[in-house]
Amino acid sequence: MQGLMVLRKAIVGRMDARLRAAPETSDAVVLDHAGSAFIGAAADVVPRLRAVFTAEQASLHLLPKDGPREPQCGNAGAVIAAINDFTPTPAQRKALRAFAARLPSVAVKLAPLHRMGLREFAPYVDLHRRMLRDGEVTLADWLALAADEHDLDRRLRTFALCFCLGLIAPAKKQDAQQGRADGGGKSGRASVLARIIQRVRGL
Amino acid sequence: MNAPRKQIFKLLITGPVNAGKTTLVSHLSDSQVAATDVAATDEVARLKSMTTVGLDFGILRVDDDLELHLFGTPGQARFNFMWDILAKGALAAVFLIDSTSEESLAEARKMYDYYREKVRLPVVFGATKQDLPGALSPEEIAERLDLGDVPVIPLDARVKEENKAIVLTVLENALVEAVEEDAGEADDEWGLAAG
Chain V
1 MQGLMVLRKA IVGRMDARLR AAPETSDAVV LDHAGSAFIG AAADVVPRLR
51 AVFTAEQASL HLLPKDGPRE PQCGNAGAVI AAINDFTPTP AQRKALRAFA
101 ARLPSVAVKL APLHRMGLRE FAPYVDLHRR MLRDGEVTLA DWLALAADEH
151 DLDRRLRTFA LCFCLGLIAP AKKQDAQQGR ADGGGKSGRA SVLARIIQRV
201 RGL
Chain Z
1 MNAPRKQIFK LLITGPVNAG KTTLVSHLSD SQVAATDVAA TDEVARLKSM
51 TTVGLDFGIL RVDDDLELHL FGTPGQARFN FMWDILAKGA LAAVFLIDST
101 SEESLAEARK MYDYYREKVR LPVVFGATKQ DLPGALSPEE IAERLDLGDV
151 PVIPLDARVK EENKAIVLTV LENALVEAVE EDAGEADDEW GLAAG
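Chains as they are written, first to last, in our numbering: chain V, 1 to 203; chain Z, 1 to 195.
Accuracy of the hints is not assured; some may be wrong.
Chain Z residues, not near chain V, derived (Cβ > 10 Å throughout) [stated by the list, open to error]: (1) Thr23; (2) Phe71; (3) Pro74; (4) Met82; (5) Lys88; (6) Leu91; (7) Arg144; (8) Leu145; (9) Val152; (10) Thr169; (11) Trp190.
In silico contact screen, one side only, chain V against chain Z (beta carbon under 10 Å); selected entries [as the list claims (entries may be wrong)]: (12) Ala42; (13) Ala43; (14) Lys94; (15) Arg102; (16) Val106; (17) Ala111; (18) Val192; (19) Leu193; (20) Ile197; (21) Gln198.
These are calculated hints, taken from the structure and not from any lab test. Here a beta-carbon is modelled for each residue, glycine too, at the ideal position from N, C-alpha and C.
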């Protein structure tokens with residue numbers, strides 16, 4: 001799942017970078033990313049993104065900051081458009097599930113993705129609600145709740161979307177003690193937040 | 001040996017008058033809330049008899065060396081200047097809006113325009129009084145206020161669990177952003193190499 005990893009890295013890091021991916025089902029794909037958008041028209045970018053989602057081999061190469069920028073396709077809109085019409089093959093389904101199973105439990109950020117064109121908002125809301133209720137969510141457990149293959153695909157799309165756009169992050173519960181030593185600076189902020197969240201949950 | 005210094009962070013609760021800010025601060029605080037309510041004398045008097053002219057203030061003690069201070073700001077845009085002071089050391093903000101009131105919407109717009117330009121902390125909107133006739137839906141509120149990627153959550157401000165949920169939502173949003181900031185361009189923020 002290198003494709004997902006490099007996509008996330010480019011988007012979350014707001015990088016100016018070229019993504020190269022080698023999906024099994026199509027020719028090699030190249031996508032340029034600048035800041036908070038992909039370079040190119042949506043009709044061009046979206047199918048390439050769909051190919052990148054499941055690429056096992058992918059890489060990221062930094063581009064000069066003053067490179068060509070037009071036209072641009074915003075991160076959220078492009079990834080949502082790609083996810084809306086993404087149906088994994090059986091092999092891709094298996095690979096996505098195996099990748100999710102390797103991730104630690106996550107915190108989930110709530111964003112109004114339905115306003116940005118996401119067709120399947122309900123699974124994302126469900127993921128967020130479970131995190132609010134339990135404090136964190138293990139993706140493997142959440143995927144295992146799928147009622148059938150169709151439901152599993154909806155959940156896998158939600159997972160891929162959240163991962164790429166930086167809407168999930170490793171839960172920081174384990175760092176609560178460490179945060180006391182870190183202080184309140186930038187590096188300790190996540191731990192401070194984790195401690196406060198635990199306290200609010202206990203009210 | 002010096003005792004570790006106590007860390008204090010802020011959570012800001014804001015929005016137009018009569019939206020439930022004072023109640024939220026009281027639900028989330030474990031100390032006596034200092035509420036600076038007075039009898040309303042201007043157009044606010046049509047909405048409620050008492051309004052907050054200073055700050056609602058409450059403390060949530062997290063542990064021996066960490067406190068969360070909750071500030072409920074006055075519900076009028078003319079107090080926007082206070083943001084510059086309150087935002088220092090703040091983790092996030094919750095905007096509450098009375099879904100039944102056009103005045104509330106107009107005031108929220110002024111407050112949020114200022115906030116968007118000057119503050120930029122993680123923010124979530126809570127749409128209160130959704131059970132009353134004529135209430136705008138969260139989607140209508142988002143559209144009218146041009147909220148972009150800011151979530152709007154329906155909320156009964158009288159219910160402690162709902163106040164907890166909206167605060168947890170904005171704190172979790174801040175947490176995800178903080179984790180990503182910490183990770184920067186790290187290759188292995190998920191710890192996959194070790195797994």
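Hints and how they fare:
Under the 10 Å C-beta cut-off, the non-interface status given to Z/Thr23 relative to chain V holds; the minimum distance is some 14 Å. Distance check on Z/Phe71: its Cβ is at least 15 Å (rounded) from any Cβ of chain V, clearing the 10 Å threshold; non-interface status holds. With a minimum CB-CB distance of about 24 Å to chain V, Z/Pro74 clears the 10 Å threshold, and the non-interface call stands. The claim that Z/Met82 lies off the interface holds: its Cβ sits roughly 22 Å from the closest Cβ of chain V, which is beyond the 10 Å cut-off.
In this structure Z/Lys88 is separated from chain V by more than 10 Å, as the shortest Cβ-Cβ distance comes to about 12 Å. In this structure Z/Leu91 is not separated from chain V by more than 10 Å, as the shortest Cβ-Cβ distance comes to only about 6 Å. No Cβ of chain V approaches the Cβ of Z/Arg144 within 10 Å, the least distance being about 13 Å, so the stated non-interface status holds. Residue placement check: Z/Leu145 keeps its beta carbon more than 10 Å from all beta carbons of chain V (closest about 12 Å).
Here Z/Val152 does not stay apart from chain V, with its beta-carbon only about 7 Å from theirs, under the 10 Å limit. For Z/Thr169, the condition that its CB be more than 10 Å from all CB atoms of chain V is violated, with the nearest at approximately 5 Å. Distance to chain V contradicts Z/Trp190 as a non-interface residue, since its nearest Cβ pair spans about 6 Å, not more than 10 Å. Interface hint at V/Ala42: violated, since its Cβ lies 18 Å from the closest Cβ of chain Z, which is beyond the 10 Å cut-off.
Interface hint at V/Ala43: violated, since its Cβ lies 24 Å from the closest Cβ of chain Z, which is beyond the 10 Å cut-off. Using the Cβ-Cβ criterion of 10 Å, the hint placing V/Lys94 at the interface with chain Z is not satisfied: the shortest such distance is roughly 18 Å. The beta carbon of V/Arg102 comes within 6 Å of a beta carbon in chain Z, closer than 10 Å, and the hint placing it at the interface holds. Among the interface hints, the one on V/Val106 holds; its C-beta lies about 9 Å from the nearest C-beta in chain Z, closer than the 10 Å criterion.
Hint status for V/Ala111 relative to chain Z: holds, with the closest Cβ pair at about 5 Å, below 10 Å. At its closest, the beta carbon of V/Val192 sits 6 Å from a beta carbon of chain Z; the interface hint therefore holds under the 10 Å criterion. The criterion of a C-beta within 10 Å of any C-beta in chain Z is met by V/Leu193, whose closest approach is roughly 4 Å, and the hint holds. At its closest, the beta carbon of V/Ile197 sits 5 Å from a beta carbon of chain Z; the interface hint therefore holds under the 10 Å criterion.
About 8 Å separates the beta-carbon of V/Gln198 from the nearest beta-carbon of chain Z, less than 10 Å, and the hint is met.
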